[in-house]
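Colleague: Read off the chains here:
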Amino acid sequence: MKPKSRKVSQHVTQNEALIFEKSSPGKKAYRLPPLDVPDVDAGKLLGEQVREDLGLMPEVSEIEIIRHFTRLSTWNYAIDLGMYPLGSCTMKYNARVNEFVARLEGLGNSHPYQPEKISQGALRIMKTLSECLCEITGMDVITLQPAAGAHGEFTGILLMRAHHESKGNPRKKIIIPDSAHGTNPATAAICGYEIINLKSSAEGMVDVSLLASLVDDTVAGMMLTNPSTIGVFEKDIHRIADLLHDKGALLYMDGANMNALVGKTRPGDFGVDVMHLNLHKTFSTPHGGGGPGSGPVACKKLLEPFLPAPVVTTRADGRLGFEYNRPQSIGRVRAFYGNFGMFVRALAYIFANGPDGLRQTTEDAVLNANYIRKKLDGIYDLPYKTGSMHEVVFSDRLQTQNGVKTGDIAKRLIDYGFHPYTTSFPLIVPGALMIEPTESESKEELDLFVDAMKSIAREVEEDPQLVISAPHDTRVARMDETTAARKPVLRWKPEQTNEARQSPKPELVETR
Amino acid sequence: MPFPANYRYTREHEWIKVDGGQATIGITDYAQNSLGDIVFVELPKVGDELSAGKTFGSVESVKAVSDLYAPASGKVVAVNDELNGAPEKINSDAHGAWMVRIQLKDAGEVNKLLSSDDYDKFVKEEGGH
Amino acid sequence: MRYLPKSPADRELMLEEIGVRSVDEFFKAIPGEYRLNRDLKVPRQMAESEIIDYFRDRSQENAAGYSVFLGAGAYHHYRPVIIDALVQRGEFLTSYTPYQAEISQGTLQAIFEFQTMICELTGMDIANASMYDGSTGAAEAILMAMRVTGRDQSVIARTVHPEYREVIHTYLHHRGMPMHFVGYAEDSGEVDLDQLERAVTEQTACVLIQSPNFFGSIEDVEAAAEMAHRKGALLVVSIGEALSLGIVKPPAAADIVSMEAQSFGVPLGFGGPYDGVLAAKEKYVRQMPGRLVGETKDRNGKRGYVLTLSTREQHIRREKATSNICTNQALVALMSTIYMDVYGREGLKDLAKQNLAKAHYAVGEFARRARVLFPRGKRFNEFVVQTKEDPHAINDRLLEKKIIGGFALEKFYPELGNAALWCCTEMNSRAQIDAAIEAVQG
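Protein chains in written order, with this note's numbering: chain D, 1 to 512; chain A, 1001 to 1129; chain Z, 2001 to 2442.
Wrong hints could be hidden among the right ones.
Here are the simulated distance ranges between beta carbons [unchecked claim]:
1. D/25 x Z/2369: 36 to 46 Å
2. D/455 x A/1082: 44 to 54 Å
3. A/1012 x Z/2150: 39 to 49 Å
4. A/1064 x D/313: 45 to 55 Å
5. A/1115 x D/10: 51 to 61 Å
6. Z/2021 x D/462: 53 to 63 Å
7. D/313 x Z/2400: 40 to 50 Å
8. A/1012 x D/458: 50 to 60 Å
In silico SDA-like cross-links for lysine to any residue, where the CA-CA straight-line distance does not exceed 25 Å [claimed, not checked]:
9. A/1054 x Z/2317
10. D/27 x D/321
11. D/167 x D/93
12. D/172 x A/1054
13. Z/2320 x A/1085
14. D/199 x A/1045
15. A/1054 x Z/2079
16. D/454 x Z/2253
17. Z/2041 x D/13
18. A/1124 x D/395
19. D/173 x A/1045
20. D/44 x Z/2222
21. Z/2388 x Z/2078
22. D/454 x D/167
23. Z/2249 x Z/2079
24. Z/2401 x D/321
25. A/1063 x D/321
26. Z/2028 x Z/2046
27. A/1124 x D/214
28. A/1045 x Z/2079
29. Z/2028 x D/192
30. D/167 x D/99
31. Z/2297 x D/321
32. Z/2411 x Z/2067
33. D/247 x Z/2222
34. Z/2402 x D/37
35. Z/2281 x Z/2067
36. Z/2041 x D/318
37. A/1054 x D/383
Simulated from the structure, these hints should not be mistaken for laboratory data.
Cβ coordinates follow ideal geometry from the N, Cα and C atoms, glycine included.
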């Protein structure tokens, strides 16, 4: 196959079996210190509750574990390897100093119930981060308790609900634009609200006159992503807020796209009442293959009484503490105080940037998206011409003429050494290619990406089958997802290995 | 695949085949084709009441879910359990793979549905977008 | 601005190629009155060394080097060093959710192994890729039981972690889903089975118990299951101390198991991130929230893994999804996976047995000086000690000896008076246990 780009070349990767297939009795990766209290007879102490055997749990040595996970790791793509332009996910650089400070003994190893007097450092971090995030968002107060973005949405909508309830009626409906993330309607539903789907305008923005016709005193509020999922700032944001506020409804902002705004504008200033932040997006805590995240919820003063308990408070003697006595609180949304380890990392990120760095970060993120837009406009169809902020959304309209869809182009991008962009989202763009470069890409990496996208567009013209059957250079080809869903195999059993070993295809079971 | 002339059709792509006071319901070949490989069907239980135009279940491909809309009202008298273990039957023979059999409440409802010619015209227009 | 890979000249060149004069052009969509024309009031940019100094100071203001006798949902166990060495590989740390299977096989296979080990340990058929933590996992398990049964009431033991109960209350009460709380037996600390039996009705979606429960007592899961099943309800078992599964019979009679797996190699970290786990019987898989990894083959017949049954999830089913969960705790679940590999089939048993022995020793010693409650209960590594003195006063004294004493129960269980929940793990030496007990005597 002809060389595709300057970015990648072939490299040997190691095969590796399942850990269970490497297990045999007597191998160990641990040694316990000698027991310094009298030994016990578990059978006597626990009676019929005692467990005799741990079944298929593996027995392996330490070097095998190291190799196992190191080999598996080489099968992953990662930000540390290259550009990861997943729209909506803000795959930016995850600084290593964040990992270092989060593991300092007094922070990494402190018990959530240890007395306040020996928790002042942790409380100070929570307070300082809270202050920074309130300043960045322009909001009055914040809770750090939610564990992720969707959990923040849940918390925010419950705050909204509690506010309405305190006025005598929780109201019935939440308005959500058709361009929203799936978590928005899913959240409104678990909070007991009926969802009003708001159709986007021809520019992909909120249709203000349509919105006006929908808002009445049965509407609790609206969930809005700003910039929207097509990467466009809602120019009528304050009219939207006014329309809602006039009827007593509130404006919730999904902060997924805050990377376009930090240091340039503040949601609290443009009419937002409550919003969540994704520390794992905007504030660089690592995505870790799907989590953990952290989804603090910031809001205006009017929602403060309803914040989850506990909140950090300053005591009369100047010491910090947790305040639990909050009679109007929506209650807890999580045990303990939230994903504290992510607070440490996010605060380290804010310190590393400062006000000038945070602003420059936003500007670079927006500059990068607009650079890609400029370079690829015309080669890929740009369905909405409105100015882009931190991400740009193309469609596969030109490529579908040759039978190639966004998902195929995404898979081909893998062969060029890039992680695919977000495919088929937002739903208002049929065949969407949603590209968010973030600030972390150099001009060189962006140019490689642009070259790759142009080259794929040419392949679509000349040899569409090559794109449709991509990727070609990965360890595994496209997976049979249909069989995976029809006959789910969700755990390993010894029979699976035995059957595979007897099969004529030796590559099914990799060597030990 | 042609749409059988003795079936009636909805704009949501279900078919209904009347057989005396009862009728069987499924999805059209056009629907299975646009969904792709079907991996799961969720169907009502015998004894459940279907009401015309309302959802009575769903059909799933790997990355999409489509609600099933009842072409006519009536009580479910049989469910095609075979589809639980072999949802691919819908892909291979959509017009044969019935999902539920109902006792029709009002046979008149069926007459309001699309004929095979009208449905054929409808999907050609829809596909043309 | 050491994280930004562009020189001023790069920026100029890019602006030129785009055909704009300044980056401000891109922000013109923001109405002028909302543009921030000042610096954010956040601390100034710091050098890496300054950042480390700041957090070192905070770390020193926090407890370090104390002997910890707190459990109560967060456990102090030894963490093998290879865990952090491996999870800090950039390919695990800085990758996203494995939607693109061809370049995510590392994460996918690791999750598949995690799911398998969780099934093996809990006695369930299926497990998901993780939930936020034990408390939200328990709430999601109850909602799942409601979808399975089509009922909306739950019966919850008061011996479930109090903060888990608060979270469950937050998830259910605004939707008007009734919760019935059931007390505990005074002699064993176990859920009062007579009360439980009376509380379960034909409207009950599920019974939720925790085992070992908040007092450390191991519940009779089979008896609770039978009571739930008799009325067509499900049994959900919450596990706060995952290591107990090394020596305690798995709750195989349950329908859903929600577990906090922090004990498996996850740092205490002042309460998070932790590792929620949800496992269940296979027939309920369609109602499971969260991500699932399945085994399949690629088009050349090679074994591989994919995210599967995604139609349950929010990005496809939106408001009809089984949950709104998107981000989970993947990297923390990876820590647990490595931990389970290190200890494995024999080590988890040996380690659990050490915990059992330490707690048994401590119970014996405490009993000479105070009242250890619930003597008829079977325990793993936690127990309740009732003293004449207020446990806070005892704990203040202990702090001077660099010992963090038990969790005072009066806030959640005022009926127990001066009682505290103590935990002994393999990390507590006999000398520390003896020193702690001495202070209790005063």
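Colleague: Compare the structure with each hint and give your call.
Modeller: Hints, one by one, checked against the model:
{"no.": "1", "hint": "D/25 x Z/2369: 36 to 46 Å", "verdict": "44 Å, holds"}
{"no.": "2", "hint": "D/455 x A/1082: 44 to 54 Å", "verdict": "48 Å, holds"}
{"no.": "3", "hint": "A/1012 x Z/2150: 39 to 49 Å", "verdict": "25 Å, violated"}
{"no.": "4", "hint": "A/1064 x D/313: 45 to 55 Å", "verdict": "49 Å, holds"}
{"no.": "5", "hint": "A/1115 x D/10: 51 to 61 Å", "verdict": "59 Å, holds"}
{"no.": "6", "hint": "Z/2021 x D/462: 53 to 63 Å", "verdict": "38 Å, violated"}
{"no.": "7", "hint": "D/313 x Z/2400: 40 to 50 Å", "verdict": "26 Å, violated"}
{"no.": "8", "hint": "A/1012 x D/458: 50 to 60 Å", "verdict": "40 Å, violated"}
{"no.": "9", "hint": "A/1054 x Z/2317", "verdict": "18 Å, holds"}
{"no.": "10", "hint": "D/27 x D/321", "verdict": "48 Å, violated"}
{"no.": "11", "hint": "D/167 x D/93", "verdict": "45 Å, violated"}
{"no.": "12", "hint": "D/172 x A/1054", "verdict": "22 Å, holds"}
{"no.": "13", "hint": "Z/2320 x A/1085", "verdict": "24 Å, holds"}
{"no.": "14", "hint": "D/199 x A/1045", "verdict": "35 Å, violated"}
{"no.": "15", "hint": "A/1054 x Z/2079", "verdict": "55 Å, violated"}
{"no.": "16", "hint": "D/454 x Z/2253", "verdict": "58 Å, violated"}
{"no.": "17", "hint": "Z/2041 x D/13", "verdict": "48 Å, violated"}
{"no.": "18", "hint": "A/1124 x D/395", "verdict": "24 Å, holds"}
{"no.": "19", "hint": "D/173 x A/1045", "verdict": "31 Å, violated"}
{"no.": "20", "hint": "D/44 x Z/2222", "verdict": "20 Å, holds"}
{"no.": "21", "hint": "Z/2388 x Z/2078", "verdict": "33 Å, violated"}
{"no.": "22", "hint": "D/454 x D/167", "verdict": "57 Å, violated"}
{"no.": "23", "hint": "Z/2249 x Z/2079", "verdict": "24 Å, holds"}
{"no.": "24", "hint": "Z/2401 x D/321", "verdict": "23 Å, holds"}
{"no.": "25", "hint": "A/1063 x D/321", "verdict": "47 Å, violated"}
{"no.": "26", "hint": "Z/2028 x Z/2046", "verdict": "30 Å, violated"}
{"no.": "27", "hint": "A/1124 x D/214", "verdict": "34 Å, violated"}
{"no.": "28", "hint": "A/1045 x Z/2079", "verdict": "51 Å, violated"}
{"no.": "29", "hint": "Z/2028 x D/192", "verdict": "38 Å, violated"}
{"no.": "30", "hint": "D/167 x D/99", "verdict": "45 Å, violated"}
{"no.": "31", "hint": "Z/2297 x D/321", "verdict": "54 Å, violated"}
{"no.": "32", "hint": "Z/2411 x Z/2067", "verdict": "23 Å, holds"}
{"no.": "33", "hint": "D/247 x Z/2222", "verdict": "54 Å, violated"}
{"no.": "34", "hint": "Z/2402 x D/37", "verdict": "21 Å, holds"}
{"no.": "35", "hint": "Z/2281 x Z/2067", "verdict": "40 Å, violated"}
{"no.": "36", "hint": "Z/2041 x D/318", "verdict": "22 Å, holds"}
{"no.": "37", "hint": "A/1054 x D/383", "verdict": "34 Å, violated"}
Hints 3, 6, 7, 8, 10, 11, 14, 15, 16, 17, 19, 21, 22, 25, 26, 27, 28, 29, 30, 31, 33, 35, 37, counting from the list given before, are not met by this structure.
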